[in-house]
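Line order of the protein sequences matches chains A and B.
Remember, my numbering sits 120 above the position in the first sequence when you count from 1.
Remember, my numbering sits 252 above the position in the second sequence when you count from 1.
Since the hints were made in silico from the structure, they are not lab data.
Treat each hint with caution, since some may be false.
[Said to hold, decoys possible] Straight-line C-alpha distance at most 20 Å; calculated DMTMM-like pairs for lysine to aspartate or glutamate:
#: 1; chain 1: A; residue 1: LYS443; chain 2: B; residue 2: ASP306
#: 2; chain 1: A; residue 1: LYS443; chain 2: B; residue 2: ASP366
#: 3; chain 1: B; residue 1: LYS314; chain 2: A; residue 2: ASP437
#: 4; chain 1: A; residue 1: LYS443; chain 2: B; residue 2: ASP327
#: 5; chain 1: B; residue 1: LYS264; chain 2: A; residue 2: ASP267
#: 6; chain 1: B; residue 1: LYS264; chain 2: A; residue 2: ASP250
#: 7; chain 1: A; residue 1: LYS443; chain 2: B; residue 2: GLU352
#: 8; chain 1: B; residue 1: LYS324; chain 2: A; residue 2: ASP267
[To be verified] Part of the chain A face toward chain B, derived, beta carbon under 10 Å:
#: 9; residue: THR252
#: 10; residue: TYR261
#: 11; residue: LEU264
#: 12; residue: GLY315
#: 13; residue: SER440
[What the hints assert, rightly or not] Derived CB-CB ranges, DEER-like:
#: 14; chain 1: B; residue 1: ILE282; chain 2: A; residue 2: GLU610; range: 53 to 61 Å
#: 15; chain 1: A; residue 1: GLU355; chain 2: B; residue 2: PRO293; range: 32 to 40 Å
#: 16; chain 1: B; residue 1: PRO379; chain 2: A; residue 2: THR320; range: 41 to 49 Å
Since the structure is predicted, the reported quantities are computational estimates derived from the model, not experimental observations.
Glycine residues also receive a C-beta, built at the ideal position from the N, C-alpha and C atoms.
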Amino acid sequence: MKTSPPGAQVAPGKPTLKSGAEIVVKTLLDLGVDTMFGYCGGVILPLFDKLFDAPIRFIVPRHEQGGCHMADGYARASGKVGVVVTTSGPGACNLVTGLATAMMDSVPLVAFTGQVRTELIGNDAFQEADTTGITRPVTKYNCLVKDVRDLERTVREAFHIASTGRPGPVVIDLPVDVEVAKCETGGPVALDLPGYRVRTKGHSRQIAMAAEAINKSEQPVLYVGGGVIAANASEALRALADKSNLPVTMTLMGLGTFDQTRPQSLDMLGMHGAAYANYAVQEADLLIAIGARFDDRVTGKLASFAPKAKVIHIDIDPASISKNVQVDIPVVGDAGQILEELTGLVEHRPRQAWFDKIAQWKQRYPLVYDRTTSTIKPQYVIDEVWRQTQGEATITTGVGQHQMWTSQFYRFKHPRQLITSGGLGTMGFGLPAAIGAQIARPEATVIDIDGDHSFNMTLTELSTAVEHKLPIKVCILNNGYMGMVRQWQELFYGRRYSKSYLSNPDYAAVAVALGAVGMTCDKKDDLPRTIEQMLAQTRPCVVDFRVEREENVWPMVPSGKSLDEMNGLDILERLI
Amino acid sequence: MKHIINALVENKPGVLAHVAGMFAARGFNIDSLVVGRTEDPNLSRMTIVVLGDDRVLEQVRKQLAKIIPVVKVQDYAGQALVTRNLMLITIAAGPEKRTELFAMIEMFRGHVVDIAQKSLMIEVSGPESKIEAFIDVCRPYGIKSVARTGTIAMPRQAKTEL
Numbered sequence: 121m122k123t124s125p126p127g128a129q130v131a132p133g134k135p136t137l138k139s140g141a142e143i144v145v146k147t148l149l150d151l152g153v154d155t156m157f158g159y160c161g162g163v164i165l166p167l168f169d170k171l172f173d174a175p176i177r178f179i180v181p182r183h184e185q186g187g188c189h190m191a192d193g194y195a196r197a198s199g200k201v202g203v204v205v206t207t208s209g210p211g212a213c214n215l216v217t218g219l220a221t222a223m224m225d226s227v228p229l230v231a232f233t234g235q236v237r238t239e240l241i242g243n244d245a246f247q248e249a250d251t252t253g254i255t256r257p258v259t260k261y262n263c264l265v266k267d268v269r270d271l272e273r274t275v276r277e278a279f280h281i282a283s284t285g286r287p288g289p290v291v292i293d294l295p296v297d298v299e300v301a302k303c304e305t306g307g308p309v310a311l312d313l314p315g316y317r318v319r320t321k322g323h324s325r326q327i328a329m330a331a332e333a334i335n336k337s338e339q340p341v342l343y344v345g346g347g348v349i350a351a352n353a354s355e356a357l358r359a360l361a362d363k364s365n366l367p368v369t370m371t372l373m374g375l376g377t378f379d380q381t382r383p384q385s386l387d388m389l390g391m392h393g394a395a396y397a398n399y400a401v402q403e404a405d406l407l408i409a410i411g412a413r414f415d416d417r418v419t420g421k422l423a424s425f426a427p428k429a430k431v432i433h434i435d436i437d438p439a440s441i442s443k444n445v446q447v448d449i450p451v452v453g454d455a456g457q458i459l460e461e462l463t464g465l466v467e468h469r470p471r472q473a474w475f476d477k478i479a480q481w482k483q484r485y486p487l488v489y490d491r492t493t494s495t496i497k498p499q500y501v502i503d504e505v506w507r508q509t510q511g512e513a514t515i516t517t518g519v520g521q522h523q524m525w526t527s528q529f530y531r532f533k534h535p536r537q538l539i540t541s542g543g544l545g546t547m548g549f550g551l552p553a554a555i556g557a558q559i560a561r562p563e564a565t566v567i568d569i570d571g572d573h574s575f576n577m578t579l580t581e582l583s584t585a586v587e588h589k590l591p592i593k594v595c596i597l598n599n600g601y602m603g604m605v606r607q608w609q610e611l612f613y614g615r616r617y618s619k620s621y622l623s624n625p626d627y628a629a630v631a632v633a634l635g636a637v638g639m640t641c642d643k644k645d646d647l648p649r650t651i652e653q654m655l656a657q658t659r660p661c662v663v664d665f666r667v668e669r670e671e672n673v674w675p676m677v678p679s680g681k682s683l684d685e686m687n688g689l690d691i692l693e694r695l696i
Numbered sequence: 253m254k255h256i257i258n259a260l261v262e263n264k265p266g267v268l269a270h271v272a273g274m275f276a277a278r279g280f281n282i283d284s285l286v287v288g289r290t291e292d293p294n295l296s297r298m299t300i301v302v303l304g305d306d307r308v309l310e311q312v313r314k315q316l317a318k319i320i321p322v323v324k325v326q327d328y329a330g331q332a333l334v335t336r337n338l339m340l341i342t343i344a345a346g347p348e349k350r351t352e353l354f355a356m357i358e359m360f361r362g363h364v365v366d367i368a369q370k371s372l373m374i375e376v377s378g379p380e381s382k383i384e385a386f387i388d389v390c391r392p393y394g395i396k397s398v399a400r401t402g403t404i405a406m407p408r409q410a411k412t413e414l
């Protein structure tokens with residue numbers, strides 16, 4: 121890091137001439153940005169030149185997609201806006217998966233992409249791509265800045281849009297001549313967004329109706345999504361659940377909002393959710409959805425989802441209301457504010473019969489795995505990581521079986537503790553997200569629980585972790601398959617394992633070659649000690665756990681079935 | 253059911269692509285879409301005719317409103333409206349048929365805007381049903397080409413029809 125931020129000496133209100141690149145850096149500093157991710161290239165050089173001596177920690181990934189996931193992991197772990205910068209054309213195109221990931225999970229990101237000179241736009245110039253056209257469907261907002269005088273306002277608008285309402289990624293496309301062009305700065309800058317209004321205060325009458333419904337309900341379930349984490353409303357949620365005495369189930373994105381070690385927790389619902397969560401939702405007379413969007417992986421067959429329940433839906437995004445499930449009492453606004461108001465209106469109810477019923481389901485269908493095998497069960501790795509970290513680690517994942525087992529066997533206590541690609545399901549998210557999370561929270565133990573094939577997709581970023589001496593840990597649950605694909609092929613495609621396995625490298629050797637610590641664990645007895653050693657590392661550490669190859673995730677609601685039509689319950693019952 | 257949606261949007265590049273892209277991505281059916289300037293140079297008005305039931309239309313409205321450069325969205329369903337489409341139509345018609353054609357054009361309050369040896373170009377405006385009706389009566393003469401706009405609409409201010 122260098123000292124003296126450019127522009128720090130400028131007397132307020134006194135106009136000075138600045139280049140576009142200087143304006144971007146100064147505005148970022150004004151907005152409190154101290155960390156960025158990005159990869160240089162031709163047309164973004166003027167901006168990188170101004171970043172050279174800016175007091176901003178800058179992380180260069182090995183691939184722009186990795187940089188975008190790092191900014192995403194940073195944003196999810198810190199609650200701040202993640203910032204990523206790339207060049208035009210391929211640089212911008214490589215952001216697309218990362219932007220779509222952030223969009224689906226409502227993560228605040230601002231991406232700067234270089235663009236060819238304004239007069240070349242549309243001429244198929246070298247490294248030209250229609251970045252705003254390509255990224256429009258995967259961003260909350262994007263724009264091409266053609267006039268340097270619009271630049272400061274646009275950057276401020278981008279941060280405002282990314283971080284307010286339902287958060288999301290914003291792209292600013294920056295032609296190289298605009299980075300170089302100069303204009304007078306220092307005057308007041310007002311946002312100009314006539315079409316962007318965020319309603320934060322919930323309608324009082326709707327909240328009163330919701331409170332009345334909760335007070336009357338005999339069999340309520342709180343169904344909580346990532347919106348509660350985004351709103352920093354986990355405390356407010358706990359207050360409501362405690363005061364009114366409500367059981368809480370969470371979506372994958374919502375894990376961490378409510379301490380899973382508490383008896384009121386029903387853990388995760390949905391396709392690979394806990395049976396007791398799914399049964400409770402199907403039997404509920406009232407479903408209180410907060411910051412969740414009734415995703416198909418959560419609801420199963422829509423027509424028979426929560427068939428007996430009246431539905432309250434609290435969300436900041438009006439378009440989420442009644443999109444999939446018809447809502448009886450919608451409340452649009454900020455989850456924290458609404459929850460506070462709602463908690464003031466609800467009364468304690470014992471609901472003994474309901475909690476007894478839930479306790480029976482919990483007893484009959486716990487989340488379990490076979491501990492008696494001589495092989496390493498993938499669930500055992502997660503269970504042991506959970507035990508040794510006392511459930512306090514920050515966990516990232518790739519996508520697939522290992523992700524679902526993480527949701528089942530790492531019992532989360534705190535918001536922002538699980539960082540995973542829920543909506544888009546982006547394999548390869550785990551490692552770069554772990555890097556971003558570790559940078560955001562240097563004191564935290566950050567562990568990427570990954571699959572072998574997910575890890576393969578972005579493992580080049582291990583170099584980035586080594587370069588920045590980040591003590592992240594990677595646990596590869598290596599079964600030699602695209603595990604979830606293989607499971608579907610086993611169940612629905614007659615065990616024809618079409619193209620769902622690859623030959624993997626020796627991950628420990630790869631890790632060592634890239635400058636990290638590498639370990640292999642293929643004996644069950646070695647596992648606790650291996651995890652102990654892994655947790656003791658101060659350098660990036662990769663452990664290749666050779667787990668049982670054809671383990672399945674249970675329970676499972678097959679696609680298109682109702683939540684109470686779960687497969688695998690018989691298998692789980694035999695294991696108790 | 254057909255709904256007429258009126259969206260006031262910022263007059264910025266990319267807004268039309270954003271709106272059209274959203275309709276395509278979410279599988280909403282556009283019957284017609286007309287964009288034009290308004291009394292305010294910073295704003296354009298989009299008049300979009302959409303097919304769908306009430307639930308679909310609720311989503312269309314909300315998803316439109318969510319697009320940041322979209323300033324205001326209204327569904328005109330259930331309101332008394334003036335709706336207009338504009339059509340240019342060229343009909344194969346030599347001098348022998350023109351007298352009868354002129355009478356018909358008069359009835360539809362159309363105008364002849366171009367005459368060639370064997371054809372006429374006519375301008376007609378009105379609600380969609382009138383445009384369709386005019387095309388029907390022209391068909392026997394031989395239609396050479398048709399260009400038409402989608403619907404634009406404005407709610408009536410007075411309670412009584414003029």
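Problem set entry | chain B contact restraint on TYR261 (chain A) - CB to CB distance below 10 Å | This interface hint holds because 5 Å falls under the 10 Å limit.
Exercise. Can we keep the THR252 (chain A) interface hint, with Cβ of chain B closer than 10 Å?
Worked result: For THR252 (chain A), the interface hint holds, since the closest Cβ of chain B sits about 6 Å away, which is under 10 Å.
Problem set entry | Holds or violated: LYS264 (chain B) to ASP267 (chain A), with C-alpha atoms at most 20 Å apart | Holds, at about 13 Å.
Exercise. Between LYS314 (chain B) and ASP437 (chain A), does the CA-CA distance stay at or below 20 Å?
Worked result: holds, 9 Å
Exercise. Is the straight-line distance between the alpha-carbon of LYS443 (chain A) and that of ASP366 (chain B) 20 Å or less?
Worked result: violated, 50 Å
Exercise. Between GLU355 (chain A) and PRO293 (chain B), is the Cβ distance one that fits in 32 to 40 Å?
Worked result: violated, 48 Å
For this session: Grab the minimum C-beta distance from GLY315 (chain A) to chain B and call the hint holds if it beats 10 Å, violated otherwise.
Result: It holds, given that the least Cβ distance between GLY315 (chain A) and chain B is near 4 Å, below 10 Å.
Exercise. Is the hinted pair LYS264 (chain B) and ASP250 (chain A) satisfied, with a Cα-Cα distance of at most 20 Å?
Worked result: Holds, at about 16 Å.
Exercise. CA of LYS443 (chain A) to CA of ASP306 (chain B), is that 20 Å or under?
Worked result: holds, 12 Å
Exercise. Does the Cβ-Cβ separation between ILE282 (chain B) and GLU610 (chain A) fall within 53 to 61 Å?
Worked result: violated, 43 Å
For this session: Indicate whether the distance between the beta carbons of PRO379 (chain B) and THR320 (chain A) respects the range 41 to 49 Å.
Result: Given range 41 to 49 Å: holds, Cβ gap about 42 Å.
Exercise. Would the stated hint for LEU264 (chain A) survive a check requiring a Cβ distance to chain B of less than 10 Å?
Worked result: holds, 7 Å
Hints 2, 7, 8, 14, 15 from the list above are not met by this structure, while the remaining hints are.
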